[in-house]
Structure formats: structure tokens, C-alpha cells
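Put together the whole structure using the sequences plus the hints.
2 protein chains.
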Amino acid sequence: MKWWGWGYEDTEFRPSNHPGFWPYAKSVLDIHSDDFTTRDWNLDSIELPESCADQPFLAKLRACLASTQITDHPKERVIHSYGKGFRDLFRLRHGIATGAPDLIIYPESERDVCLTLCAAAERDVVLIPFGGGSNIAGCLERMDARRMCVSLDMRRMRRVLAVDRRSCTAHIEAGVFGPDVEEQLRAYGMTLGHFPDSFLHSTLGGWIATRSAGMQSDKYGKIEDMVIAVHMVTPEGLLETRVVPKSSNGIDVNHLCIGSEGTLGVITEAIMRVHAVPESREVRGYLFPEFDGGIEAMFQCVRQECMPAMVRLNDPDKTALSLAFRPRPSGFTKIAGSLFKTYLRAKGFAQPRTCLMLIAFEGSPRNVSPRLQQAEAIYRKCGAVGLGAGAGKSFESTKYDFPHIRDFLLDRNVTADVSETATVWSNITTLYKDTTSVLRAEISKSGVRPFVGCHISHSYPSGASLYFTFGFRQQLGHAMDQYLQVKRAVQQSFIDHAATLSHHHAVGTEHLPWLAADISPVGLLAVAAIKQGLDPANIMNPGRLLPSARPLEDWLTLASPLRAHWNQTKEHQPK
Amino acid sequence: MKWWGWGYEDTEFRPSNHPGFWPYAKSVLDIHSDDFTTRDWNLDSIELPESCADQPFLAKLRACLASTQITDHPKERVIHSYGKGFRDLFRLRHGIATGAPDLIIYPESERDVCLTLCAAAERDVVLIPFGGGSNIAGCLERMDARRMCVSLDMRRMRRVLAVDRRSCTAHIEAGVFGPDVEEQLRAYGMTLGHFPDSFLHSTLGGWIATRSAGMQSDKYGKIEDMVIAVHMVTPEGLLETRVVPKSSNGIDVNHLCIGSEGTLGVITEAIMRVHAVPESREVRGYLFPEFDGGIEAMFQCVRQECMPAMVRLNDPDKTALSLAFRPRPSGFTKIAGSLFKTYLRAKGFAQPRTCLMLIAFEGSPRNVSPRLQQAEAIYRKCGAVGLGAGAGKSFESTKYDFPHIRDFLLDRNVTADVSETATVWSNITTLYKDTTSVLRAEISKSGVRPFVGCHISHSYPSGASLYFTFGFRQQLGHAMDQYLQVKRAVQQSFIDHAATLSHHHAVGTEHLPWLAADISPVGLLAVAAIKQGLDPANIMNPGRLLPSARPLEDWLTLASPLRAHWNQTKEHQPK
Numbered sequence: 002m003k004w005w006g007w008g009y010e011d012t013e014f015r016p017s018n019h020p021g022f023w024p025y026a027k028s029v030l031d032i033h034s035d036d037f038t039t040r041d042w043n044l045d046s047i048e049l050p051e052s053c054a055d056q057p058f059l060a061k062l063r064a065c066l067a068s069t070q071i072t073d074h075p076k077e078r079v080i081h082s083y084g085k086g087f088r089d090l091f092r093l094r095h096g097i098a099t100g101a102p103d104l105i106i107y108p109e110s111e112r113d114v115c116l117t118l119c120a121a122a123e124r125d126v127v128l129i130p131f132g133g134g135s136n137i138a139g140c141l142e143r144m145d146a147r148r149m150c151v152s153l154d155m156r157r158m159r160r161v162l163a164v165d166r167r168s169c170t171a172h173i174e175a176g177v178f179g180p181d182v183e184e185q186l187r188a189y190g191m192t193l194g195h196f197p198d199s200f201l202h203s204t205l206g207g208w209i210a211t212r213s214a215g216m217q218s219d220k221y222g223k224i225e226d227m228v229i230a231v232h233m234v235t236p237e238g239l240l241e242t243r244v245v246p247k248s249s250n251g252i253d254v255n256h257l258c259i260g261s262e263g264t265l266g267v268i269t270e271a272i273m274r275v276h277a278v279p280e281s282r283e284v285r286g287y288l289f290p291e292f293d294g295g296i297e298a299m300f301q302c303v304r305q306e307c308m309p310a311m312v313r314l315n316d317p318d319k320t321a322l323s324l325a326f327r328p329r330p331s332g333f334t335k336i337a338g339s340l341f342k343t344y345l346r347a348k349g350f351a352q353p354r355t356c357l358m359l360i361a362f363e364g365s366p367r368n369v370s371p372r373l374q375q376a377e378a379i380y381r382k383c384g385a386v387g388l389g390a391g392a393g394k395s396f397e398s399t400k401y402d403f404p405h406i407r408d409f410l411l412d413r414n415v416t417a418d419v420s421e422t423a424t425v426w427s428n429i430t431t432l433y434k435d436t437t438s439v440l441r442a443e444i445s446k447s448g449v450r451p452f453v454g455c456h457i458s459h460s461y462p463s464g465a466s467l468y469f470t471f472g473f474r475q476q477l478g479h480a481m482d483q484y485l486q487v488k489r490a491v492q493q494s495f496i497d498h499a500a501t502l503s504h505h506h507a508v509g510t511e512h513l514p515w516l517a518a519d520i521s522p523v524g525l526l527a528v529a530a531i532k533q534g535l536d537p538a539n540i541m542n543p544g545r546l547l548p549s550a551r552p553l554e555d556w557l558t559l560a561s562p563l564r565a566h567w568n569q570t571k572e573h574q575p576k
Numbered sequence: 002m003k004w005w006g007w008g009y010e011d012t013e014f015r016p017s018n019h020p021g022f023w024p025y026a027k028s029v030l031d032i033h034s035d036d037f038t039t040r041d042w043n044l045d046s047i048e049l050p051e052s053c054a055d056q057p058f059l060a061k062l063r064a065c066l067a068s069t070q071i072t073d074h075p076k077e078r079v080i081h082s083y084g085k086g087f088r089d090l091f092r093l094r095h096g097i098a099t100g101a102p103d104l105i106i107y108p109e110s111e112r113d114v115c116l117t118l119c120a121a122a123e124r125d126v127v128l129i130p131f132g133g134g135s136n137i138a139g140c141l142e143r144m145d146a147r148r149m150c151v152s153l154d155m156r157r158m159r160r161v162l163a164v165d166r167r168s169c170t171a172h173i174e175a176g177v178f179g180p181d182v183e184e185q186l187r188a189y190g191m192t193l194g195h196f197p198d199s200f201l202h203s204t205l206g207g208w209i210a211t212r213s214a215g216m217q218s219d220k221y222g223k224i225e226d227m228v229i230a231v232h233m234v235t236p237e238g239l240l241e242t243r244v245v246p247k248s249s250n251g252i253d254v255n256h257l258c259i260g261s262e263g264t265l266g267v268i269t270e271a272i273m274r275v276h277a278v279p280e281s282r283e284v285r286g287y288l289f290p291e292f293d294g295g296i297e298a299m300f301q302c303v304r305q306e307c308m309p310a311m312v313r314l315n316d317p318d319k320t321a322l323s324l325a326f327r328p329r330p331s332g333f334t335k336i337a338g339s340l341f342k343t344y345l346r347a348k349g350f351a352q353p354r355t356c357l358m359l360i361a362f363e364g365s366p367r368n369v370s371p372r373l374q375q376a377e378a379i380y381r382k383c384g385a386v387g388l389g390a391g392a393g394k395s396f397e398s399t400k401y402d403f404p405h406i407r408d409f410l411l412d413r414n415v416t417a418d419v420s421e422t423a424t425v426w427s428n429i430t431t432l433y434k435d436t437t438s439v440l441r442a443e444i445s446k447s448g449v450r451p452f453v454g455c456h457i458s459h460s461y462p463s464g465a466s467l468y469f470t471f472g473f474r475q476q477l478g479h480a481m482d483q484y485l486q487v488k489r490a491v492q493q494s495f496i497d498h499a500a501t502l503s504h505h506h507a508v509g510t511e512h513l514p515w516l517a518a519d520i521s522p523v524g525l526l527a528v529a530a531i532k533q534g535l536d537p538a539n540i541m542n543p544g545r546l547l548p549s550a551r552p553l554e555d556w557l558t559l560a561s562p563l564r565a566h567w568n569q570t571k572e573h574q575p576k
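Protein chains in written order, with this note's numbering: chain Z, 2 to 576; chain E, 2 to 576.
No wet-lab data here; the hints were simulated from the structure.
It is possible that part of the hints are untrue.
Repeated chains share a single entry, so a pair holds when one copy, or any two copies, can fit it.
[Unchecked claim] Below, a list of computed lysine to aspartate or glutamate pairs in the DMTMM-like style, where the Cα atoms sit at most 25 Å apart:
| id | residue 1 | residue 2 |
| --- | --- | --- |
| 1 | Lys220 | Glu280 |
| 2 | Lys220 | Glu297 |
| 3 | Lys220 | Glu306 |
| 4 | Lys434 | Asp165 |
| 5 | Lys61 | Glu237 |
| 6 | Lys382 | Glu280 |
| 7 | Lys3 | Asp402 |
| 8 | Lys382 | Glu10 |
| 9 | Lys3 | Glu397 |
| 10 | Lys335 | Asp402 |
| 11 | Lys220 | Glu184 |
The following block contains the structure:
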């Protein structure tokens, strides 16, 4: 992955492939110039924290690990300093890497992890488990400059150790990336069925530690629904659960590992539910004349038990963004598209209210076909027009590309970010309307025009997830504070509206101030107790899951190095 | 419920309604006489522990609760002394109620619970939450005679507080019994869908605290899958979670309450997933020529996504027991039955191997009908013969009666009990065969003939639950030790075979010696840490979930008062 943005080094958003996007963004965000700073940052100018090396710890490590498993190379330190949140990337672009660890270790076995934890506990060294580094909630940043800090990069623990085909379970090392685990499982005719937006750049252990959700969660569940058993190496020893489908063995300790965000130990292996690769897969697009109709359609599919494996319903603004993001159309598609537009207008679809929904069904044709028919009948009843499999194909071909936009926009002094939550069906419309208003109002306060879009996905019997995307021109010299005001407003709106702080992005540092409100102070006390029991010396990813006494103040000061920087140097400015 | 057995005082097993049962049991268990002691126990002869009253605690309680909410009546103390495990009932039948609390409190609100916990924490008084008292794993017995002990009987907190029909959630007080919650939900057209064998005599709070499973768990999930949010009053305050379908808010603290078995606090309310009352329900019976064919049929239904809401597949011995348990047939049924037998013989079904399977599908006819057809095609392929809806009706009419048999057998000096577990599909046959052998061998050691039957139910993508029923003549004067040898053998077999200590009966005292093996010592450390954090004074149901240093020895000595009793008095003997 690039150190300064999303994705592989050779991949980025190319406006020529999406000719509608930048004109759309300019018009929506009230931008009148194409003249921006060029990218002038480089690795050498990054300010790394002074290395803090504990010699006895290093000696111990060198005695048990190979030299190829240990590095303090500046580039690796930069890559391991943050995840990919706005706050992370913005700081890196300004040469600030206060979150960088002193050392990176690449364990190759559970034994390596155990040895590292032992050595760290003995020498009071901080360990931060690192999967793909794609987290956007601030789970990976070093919080304490005084203690030596080591990033445990799990990528070398990437094997599928065993597959039980009859039971549809797979025993997998936690450092494996999405494409790799799917490729290994494919050899058994199996799939994990977990495809988060970060799929290319995230790992099994990261998914489990953050309670990730994949696009097909409606069929396969969130990651917590897929974990059958887990190995987590803690400073107190190996927590290991049994490979059984369900149990009544008291408190389910699997659920202490899931969502632990690196604070209790290192998830090294997991036994996961897997599935036969589906024989057929149908991806389709639909347009709804109004957002409410789309919501009702999703809801009815849940109630009538014909939920697709994936549903993603965009509100009008997110629809406009998605359409602007479409790849360059061919001549024929252009003509067909303009004919279709005429047809839509005749049917009463008006652009500012139209909503795009994408769905996927998968499984055996015997199961897929009647459910797809049933779902389509519901969609039609709710006013939808089918876009056919073409829209589905277009979505499939670009589904992991969307996060690249942010880098393109950051280059153009535009802040873009996302916040997501979940709520019950009866609360979706209120939460949607109010949070959209809050976001628009908060962004407007800084005198710029807001973009706020939302999509609904991950539907459940009791509710669904709302995913807000927002963007705005930066107030130069105050971009971080401007961002924090907006981020704070949207999170507060979730909590004020009885929703949760995040549906699948984790708590990290970004959402920590709202954790006590979300799980109640006594819930927090319980989390603190587990931490105290398994990691009494607080060596595992300190500063997460347990807010300080002044959580919001601390949250705001996470940006303070940037303010100092602004006072000393000149920010990127339009030429 | 009766104090000395299962069920309402006016309900019991009547051999005249099941004329085949006792002759079958006699033949299987090698019993040659109908001459047994009559029931000569009575409440007055029960030996209650000396009452231990903390006056300041009592004064505080009397100040905040009504006098009708507090009792130390001997009968109530006896009723609240145990659950309904074999060990519990056997001791009561011998006049031993060492597990009895000093006092029973009936909270009527969350406030009452909070006040009681405050007062108890202040005065070091032990509290044991009590739902229906139907637990058979030993969750309710007082373990410490030195501290005052109070049973918190939750039955008055029985209201459905609110139903969100759109979201299909219901906010319910935890003390409500099965039939009561279903009746209240029925007014909204809703059902919880949770029907454990103990349904008539157990409560929502008890289900959550023990990770219960209902008969229809294949469709509605285990209770842990139904909990959306929970209120648990702990000595450190109220733990309260949000009503959201899913979240990524760190460690899921709902799962600290679920399965906590009264050790962390009192579950007072829960927000549960509910369902529209299904329009149609189809209950059917099938006979399989062999157990393996039945297992394969269950398995294929899971893989082909046509799982019924309920499946219960009996092995040959459990099939014979079930057939012997049938209500007295009418003349016509008799003739039809004998014709059917002839037909089965012609088809190659041989009685000693034949297996009965009961299934139920429920939902909209649109969804039920194709899946039932699909399932039936699978059953036929696996060699099954349909018994039609008649067998289903017969099952439905007696489904909650089975536990009554134990009292009837205890009256006849026969020990009868159950142990259940869960494992992955690939391990089911081995676990089944080996555990059946272990049970038979262990029972035979005491020189009596064993009955061992098993049914498989609660199927999941990765496996299913195995439920063993066993019975044997008592070795008079040593019946408890004889029982403990057998119980210990079956639990050890589960653990030796990579299965879990219980699928839905909880840990309690009965399964505590195997908990460390099940969740690993570090898992246990985590549980201890939560306990330390939320109940530092150890007032909540002490002695559960945290085994002593010598768990098995302590487990065995739980029977010691009985040994003393045997030395002093004469046991029930055949006349």
C-alpha cells in the first residue's frame, strides 16, 4: 500500500477513466479552479519520532527471531504509523508521523507472537498488532511516545491451515489478506464470503479485531457471525476456544476477542465458517423514484425472507455521485443511456430524487431464482425500474475503487470522509434526515458548500446500516479543525439518535469519545476489567477502548502536532 | 412448580396415558418388580440450613420494598433451594435442602433490583437471581452457608414494555415465563420463537443467563442470537446497551451479560428480536432405516438451505423410548399402526435400527411449501418413510411432558438424566458412537443394565447438538455416587472428543469442572476479570463460572451431605 494514501502504489483514481467525476465534484462543492499544489511531499521529509529502543528487549528478540523479521527502516515506520483515516493521511501529507512505531516485527508463527509478547511484557514495550493497515478509525497510531513501541505486522501468518469440508469450517492464520484467503479457499471450492470495501488491503485478524462487515453480510453475516473459534495470544497466555457450532459454556469468550481492537492480545488464528463457492451470482441495479421507496423495498425483502446477499441503496446525492463516478461509457452505452433517460423522465423519475440500488443474489440457481423474482416483484411495487445486469457489472468492476477518490480530492484541497452507523427500521428515516441536516449545517458553518450522501446497506431483521459520505472545500490553514468539527457533529448525531458509534469501522481513536454513551459506563467498566485481567501492564495497543477522563478534549488534541506545524511552515496552497 | 419434581403441582406422568412406557422401561432396565416405596417425603421433614439473617440488610430492604415482596417461608425456601437437576431432586427427596436461601425477594421493578443489590453489597449478602427454577445444571444452589443468601425471584417483572412492530423488536422484563411472554406478544401478532423444553417453567432472564436454545432454533437462533440489547443491574451499576441491529463498538458487552449465569448481576430487561406469528406451521414425522441416513438428511437440508425450523432426529434407542412414550392409541390408530408396521417390515425397516425424526417448518406458505418439498425429497433419498402430520401432532401434544418421566422413574428407584453437547458435522458420528459406548460401559460398571439414547437437534451450518438421555436402576445406598460416576464419564467424553460441555443447559455446578478445558485457562482468566470488575465483593451467585483449584473434588463433595444422611437414615428401598 502507498504510505500517503489508499491502495497499491501503482493504483490511483484516474480522472480520464471517470470523466464525469471532477466536473460533478467542482459543481457540487463550488470549486472554480483546477489549479492546485502538486504533490510535493516525500518520505525523506517525514518527521519521525525519535527512536526509543530498549536494548534488552531487542537482544531477546534477536535471539528468537530471524533478522528478516525485524526492521526499523524509516519507510516501514512511516507505513506502520497510521491507518488510512482522513486524520492519518492528512498528517502524513504534512510530514507528520508521530504515530510511527520504533520497530516493526513480522511474526511467522504463533510461537513468534508468544515470544514477542513475553519479551514486551518483561520490558514494558508497547505492541500494536497490524493487519493490512487499512483501518480508518485510528486503531493503529502509537499514543505514548515515552515507551518503546513495536508494530506487529501479521502479514507473514497467511496460511489456510486446514479446511473441514463437511463442516464448512476453515482454520486460518490471522494475517492473511482478503484476496489471498479467497484464493487459498478456492482450492477447496470454498469461500469465506467476507468482502468489505477494504478487501484488497485488510486481513482476517483485522476484520475480527474490528467487527468488520463485508458487502454480502446480509447472507454471510458480519465477521462476528463467522467466527467459530479463535486463538488470541495475550500477555497472560493463549486464549483458545473450541471448534463447536454453538455452546452454553458461560460467557462466550470468543466475543472478548472479537472487537478487542488489539487491546487484549494478538489474534493469531481463527476457525471460520466457510461456504461452497456459489454456483450462481446475480448482480443487478434498480432506480427508485424516491429514497423512501427504496427503503421500503429493502425492508419488505427482509420481512418476506427474500433478502439478497448484498443490498446497497444510495440516497439521491450518493446516487448522483455514483453516476458521476461511472467509467467512461462506450458509444453504444451512451446512446442507450440517453434513450433510457428519456424513458425515465416519461415515467416521472426526476434526477434530484432518484435513487440507485445495487443488489446481489448468490447461491444455487434453485434458491437464487425464486428469491430474485420475489425481490423484483417487491421492487416494482415500490416504483423501481430495473437497470439489469449491466449496472451490476459496472458496480462489480469498480467496487474496490471508491476509496481512491479521497486521495484525488485531498490533492485538490477537498476533505472527504465517511461515517457509518446502524439503527432499527423504525428509526432509519429520522436518523437519515436529521444526520444529513446536521452534516450540511456543520459543514456550511465554515463557509463552504457541503456534499452529503448516504447509502443504506447491511440489512437485518431489526434494522440496517447507514453510511454517510461527506466532502467539502478545505479552509486552508484550518482544515484539520474544520474536519474535526464535522466529524464530531456526525458522531454526536448518531449517539443523540439512539444509533451506534459505528457499524463496522471500529472504535479506534476516532469514535472513542462516544463509547461510554454507546455501551454505558458499566459496559466500559467491564471492558476495563477484561483489559486489567489479560493485559495488566497495558502493553497491548494502549489508549483504545478505554477513554480518558476527558475523551473529547484528548480527541481534539490528537491534531495538535498539526497546529504546531501550521505555525512553522506553509500549508499546501493553490498556486 | 412442585418442590420435589418437574412441572405444576397438578401435572405428572400418568402411566395409564402411556401404557407402553413402564413395560418398555422394565424390560430395558432389567426390572422385575412393581413394588416400590410410596412417596413418603413431605415439606416438614426437609432439613433447611439454619437461617442466617443480617439485620441491617433486612431493615434496609423493609424500608424500600413492600412486605409482600419479602418472605422466608420454609416452603418458599425449599422451592428456591435448587433447580431441577437429578442431584437437586434426589437431595430434596431425601430431605436435604442445604442449597436453600435464607430469604426470597420478589422485585417488581429495576429500581427494586438496584436497591436490593446496593443493600446486599453493603452488607456482604449473597444474591442468586431466580427465574423459573427449571435449570438442571445446578445454577441456583447456595454454595456458602456462612454469608446470608437471598434468592431474587424475578417472576413479578413480567411485562412486555413495548413492541416496535416495524423493527420486530420487543422490550421485555426478564422475569416473564414462556407462555406469558408469548401471550403478551400474541396481542401484537408477534412471537419470540423461543420454545425450549422448559418453556412452561422458565423465564426470559433465565434463558439469557444460561444461553438457552429453543426447539425452533434452526430458524430463530439460540437466545444469544435474539438479544438486541440488555439491561443488567450489577453491583457496580446498570449495564445497558443500545437498541441497534449490529455494531462495531469494541467488545460486544451484550455477550458479557448473555451466559453470565447470575454471577455478574441481574438481567432485568432485554430488547429481543421478535417475529410475526407464522401463517403456517407444518409438523411432520419420518422414519429412517438407519441413524446415519437421518444425519445425512439433516446435513443435506443445511447445505441445500432448506433447514426446517425444528429438526429432532432420534437414534434407535431414543426412537424406541419415544414410541413407548406414545399416548394410548385409539382403536383405529392401532389398526393403522399395525398395517404400517407390516409395510415397514416389507420395506426393510428393522426395529432395532429404525430412527424417528420430527421436523417443523413455519413461515409464510410461499416460503414453507417449496422448502418442505425440497426437504422431503432429501429425506426420501436418504431412505425415509413419511409418517405424515399425525406423528407431528402427537409430538406437538406431548412436547413439554417428557421431563415428567424422571419423577415417575425416581419413584421407582431408577436414575434418569440427560447430558447434551454440540460438535461439527465431521465429528458427529464419532462423538455419538464413543459417548454412547462410554455411557453404557460406565453404567454397566455398577452391575445394572443401561439405557442410553440420543437425539440430534439444533442444526447449524457447521454442526449440530447431540442430546443424550440415560437411565439405570439405582444401587441403593449409593445412587448419588453411581450417578456422579456416569455424569462425569459423559462430560469427560464430550471434552475428550473436542465437543463442548453443554449446548444449552449452562455450566452451573454440574459442568464447572470442565470449563477450563472448554474455554481454555486464559478464557477463564478473562471471565474472572469481568467478575472482579463488576462484582468485586463476589455477592452475585458465587461459585459459578469460576472453578476452584480442585474443581472435580469439589464437584464430588457436593453430594456429601447425602452420604452423611445415608449413614444416619434408611434410604427408600423396595418394600
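Each hint tested on the structure:
1. Lys220 to Glu280: both (15 Å within a copy, 24 Å between copies)
2. Lys220 to Glu297: both (19 Å within a copy, 24 Å between copies)
3. Lys220 to Glu306: Both ways: Lys220 and Glu306 sit 11 Å apart in one copy and 12 Å across, limit 25 Å.
4. Lys434 to Asp165: For Lys434 and Asp165, the Cα distance is within 25 Å only across copies (20 Å; inside one copy 47 Å).
5. Lys61 to Glu237: within (19 Å within a copy, 42 Å between copies)
6. Lys382 to Glu280: This pair counts as between: shortest inter-copy Cα distance 22 Å, intra-copy 29 Å.
7. Lys3 to Asp402: within (14 Å within a copy, 66 Å between copies)
8. Lys382 to Glu10: neither (46 Å within a copy, 55 Å between copies)
9. Lys3 to Glu397: within (23 Å within a copy, 63 Å between copies)
10. Lys335 to Asp402: within (22 Å within a copy, 70 Å between copies)
11. Lys220 to Glu184: within (20 Å within a copy, 32 Å between copies)
The structure shown violates just one earlier hint, number 8.
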